[in-house]
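K.L.:
Take a look at the letters that make up each chain.
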Amino acid sequence: MGKRLITAFMAFLSLFYCTADTLDFDAVIGFNNLYKRDIWTPLNIRLQNSGSSLSGELVIITDNSSIASEQIRIYRRPVDLPSGSEKVLSLSIPAGIINREIECYFESEGTILFDEIMDLKQKGVRENFILSVSPYPDLNIKSDHPVLQNRIIAYPHPDLLPESFSAYDSVDIISIRRELFEQLNNRQFEAIRSWASGGGVLIVWGGKSPVPFARDYLPGKIEGLTKGNVLTGLDKYTSVPMNRMAIPEGERIELPGIGITGAAKYSGRGLLLFVPFDYSVAHGEWNGFVDFWDFIARSATPDRSLESAMDEPLSLEEYIALFDQSGFSYPGRVNAALMLFLWVSLIVSLMIFLKLRIKKPRIHLYISGQLVLMILLPLAIGYMLFSDRFRNDAFVLDLNTIYQMGFSDSAFLYKDILVGSSGRTANSISFTDSTEGIILRKDRENLTLYYKPELEIRDIALASWSSRIFRMKDSVQSFCDAEFATDQKGSISLTVHNKSDYYLNETAILYKGMFYRFNPLMPGSAETKLLEGEISEKPFFRNSLFNVMTERLFPSLSATDGPVFIAAIKEDPENISFTLDSWKKNTWSLIITEARRRGIE
Amino acid sequence: MNNPLLEEQIRESFLNSSMMKIHLIGLAAISFMIFLFYPTQPLSYFLARSVEPEMFNIAVYTIFAFMAYLSVKTSIFNIHEAAIIGLKEWSDFGKLPGYRYLRGLLAYGLFYTAFLNLLFLPCLLVSASVSGIAPANFLAILAVLYLFTMDIYLAGTLLFVLFGKPYWFLTLILWFSLVVTVLIIPLMLSAKLPFLLFIELQKSTNVSSDIRLPIAIFLIAAFLLIFSARLAIFQFDRSRDGR
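Going line by line, the protein sequences match chains A and B.
Just so you know, we're using our numbering here: the first sequence kicks off at 9 and counts up by one.
Just so you know, we're using our numbering here: the second sequence kicks off at 172 and counts up by one.
Keep in mind the hints are simulated off the structure, nothing from the lab.
Treat the hints with care, since some could be wrong.
Unchecked claim - Label pairs and their computed distance ranges (CB to CB): (1) B:LEU207 to A:ASN158: 37 to 43 Å; (2) A:GLU65 to B:LEU207: 26 to 32 Å; (3) A:LEU350 to B:ARG274: 33 to 39 Å.
To be verified - Beyond 12 Å from chain A on every Cβ pair, some chain B residues (computed): (4) PHE203; (5) ARG274; (6) PHE291; (7) PRO293; (8) PHE309; (9) ALA314; (10) LEU318; (11) SER348; (12) ARG383; (13) LEU384; (14) ALA393; (15) PHE398; (16) SER399; (17) ARG401; (18) LEU402.
In this text, all values refer to a predicted model and were calculated from it rather than measured experimentally.
Ideal placement from N, C-alpha and C gives every residue a C-beta, glycine not left out.
Let the sequences and hints guide you as you build the complete structure.
P.N.:
Written as structure tokens, this is what we have:
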């Protein structure tokens, strides 16, 4: 008996040793657990493995279901945790007003190692955020200052700044010390860059380092920050001497009574400010801060382009009107009522007819006739309702999916517009003449780009739905540079420089209607190739989806004079596999670069 | 139409004035309900918000409940209002062998359930089209709906054969238990049940494989019900012959 007890006790102890506290979990939602509701919200999860190496999936489940709809989203991220490692995973998730909790568990080899439920009650705020990222975290703005109207200040640690631009939806202004800004990792930097170009206000304070900027700022680079005359009276706070007069006139921050205090650059709808003072040091002694924040309050536009795509914060009506051309045959309420009324009338007539024939000997013939009619007429109605010949409905942006990732399998980069769609109506749907090109989900797993080259999409008022469609032109153009040259024999050589962070292994060149193979390109590398070798009339990507996309774009691509470099990326920029009940997610994109002529050699 | 029971059923039950009234009023009411609940926004409006229009669910469950009631009522009450003739009467006066009696019941069941499904087909089509149900998924739902009503009819038939006489409370119990099963069970159990099929099949990405199991279940249920009814009639024949 004693032996048994000891064995059981030892077994219990070993079990405890195996499972307890090997994996430490900590989560921060929003900014210091403060988040705006009904918007994409950052979620940082810290995992620390003090036991043996683990490999598994972190699963996050958000439930924003209401009576009207089910919105359960499951986010999975594969995680490897070597022994003794610690990782911080950054995601952005929707935190709706209905959300009460977020479930988070780690699954490794079929075992759930922890299962935490984060309570969200009453944490969601209505205001937007001003993020102050500085070791001296106090902006000292008076509570009645206009910049704090509908905004609150949060002081996140720089390591916990989100790595996805969508997670900055609730942020209007980021005030960051320059040294910290330059220490952000690439993902954080790119996320802030995208956020700012979409309408954010980024203020970078001088800090102590006099070295030149390690990083370019947003699409616009502030000029004039060279050594020169130093502001009188403020030089003790200034670590980066500023030649005020070298700043282009339109980019100076001029405060009444103080003069030029910094540089500002508008970038898209966003605003970048550089002020060469150390905020925390100067604040106590310089009374120009009130004016400065006044300037920012005037500059920070309340109507930002990157609003939440959840539920219904912005109007989609114009977009719907554009893509949802309800044709005459699409059954509106009245049409449907009319149709059903006719059906009821027909059935009444048939039944009366049968009733009158009730005594006839061959009643079964009449009944068979009635059944045949009852089959044929619904067939005709069904054909009218479901056939794409009569149906022009149903295409809208797949908001949440696009928004979640920036790209999505139901979104497509067309010209400078990221267009996405979702739908589950018919297997093939025709488009109205107002539609130029759009990706459709042909069935649950396949997508098709419908493209009509003769039509224009420019008529869409982008501003009214820019929250749903991201202008990606700048980032697209910066992916690759391509140049071609023609020698005296007429051979064409093409040089492509991959400026992106992506390894482009699916590449091709389209020239005069023919596809040529091109070499894979490492990030930052350049390749030159003569246009010869394997030629095909069809694209030859390994992924059939890319082939379909390229073929659909063929009419417009082949209309160019020079070669066109095409590269397909199929990777997940955030390494998140996104599953929604109704669809699975894979991320892809197609880079299309028209080669410039280098000149005749 | 060489089965006298089938002919009698059609003349006395199917073409019976009150049954016709029930059919027509039901059809008119459901059509009106569709008009009433018809979404005021196009499908894209809902998809844009990740909300699925509920029109089809409303229609399919209402129609299902109505069809289930009519199937049960028809099968248990057999011939409606006119002389309701039980198994014993047919046997005594009609001199109809048991297997022909059962065949007549089954033939009428096939016909009547087909009629009911066709009757509401346009309503389902309209609601499916505004709810974004793909045609393949719609056909799958339709197949399940037909088999379901057929099984309900067979269940009613079995009860009728077992009890030999129509009882209104049997109709009520059977119908109520079905409706409760269909409507309540999905709320309590989240596992994939045949009763959830109407919802599951709307979202199915692989209809052809997803529908196999439920169809097999419904067909097995149908065969079991027919077999049981045949057994009951066989027992009845034996007891009558022995008498």
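K.L.:
Look at each hint and say if it fits the structure.
P.N.:
Hints, one by one, checked against the model:
The given range of 37 to 43 Å is respected by B:LEU207 and A:ASN158, whose C-beta atoms sit roughly 41 Å from each other. Distance hint for A:GLU65 and B:LEU207: a CB-CB separation of about 46 Å, inconsistent with the stated range 26 to 32 Å. Against the hinted window of 33 to 39 Å, the Cβ-Cβ separation of A:LEU350 and B:ARG274 comes to about 37 Å, which satisfies the hint. With a cut of 12 Å on Cβ distances, B:PHE203 falls inside the contact zone with chain A, its closest approach being about 8 Å.
Chain A leaves B:ARG274 outside its interface by the beta-carbon criterion, the shortest separation being 15 Å against a cut-off of 12 Å. Non-interface status of B:PHE291 relative to chain A is broken: a Cβ of that chain comes within 12 Å, the nearest being about 10 Å off. With a least beta-carbon separation of about 5 Å from chain A, B:PRO293 fails to lie farther than 12 Å from that chain, contradicting its non-interface assignment. A cut-off of 12 Å between C-beta atoms contradicts the statement that B:PHE309 is not in contact with chain A; the least separation is 8 Å.
Look at B:ALA314: its CB is around 14 Å from the nearest CB on chain A, clear of 12 Å, so calling it non-interface holds up. Look at B:LEU318: its CB is around 17 Å from the nearest CB on chain A, clear of 12 Å, so calling it non-interface holds up. Non-interface call for B:SER348 relative to chain A: holds, since the shortest CB-CB distance, roughly 27 Å, exceeds 12 Å. With a closest Cβ-Cβ approach of about 18 Å to chain A, B:ARG383 is found to remain outside the 12 Å limit, as its non-interface label requires.
The claim that B:LEU384 lies off the interface holds: its Cβ sits roughly 19 Å from the closest Cβ of chain A, which is beyond the 12 Å cut-off. No beta-carbon of chain A is positioned within 12 Å of the beta-carbon of B:ALA393; the least distance is around 21 Å. Distance check on B:PHE398: its Cβ is at least 28 Å (rounded) from any Cβ of chain A, clearing the 12 Å threshold; non-interface status holds. The beta carbon of B:SER399 is kept farther than 12 Å from every beta carbon of chain A, the shortest such distance being approximately 28 Å.
In this structure B:ARG401 is separated from chain A by more than 12 Å, as the shortest Cβ-Cβ distance comes to about 25 Å. Every CB of chain A lies more than 12 Å from the CB of B:LEU402, the least distance being 29 Å, so the non-interface label holds.
Of the numbered hints stated above, those contradicted by the structure are hints 2, 4, 6, 7 and 8, listed in ascending order.
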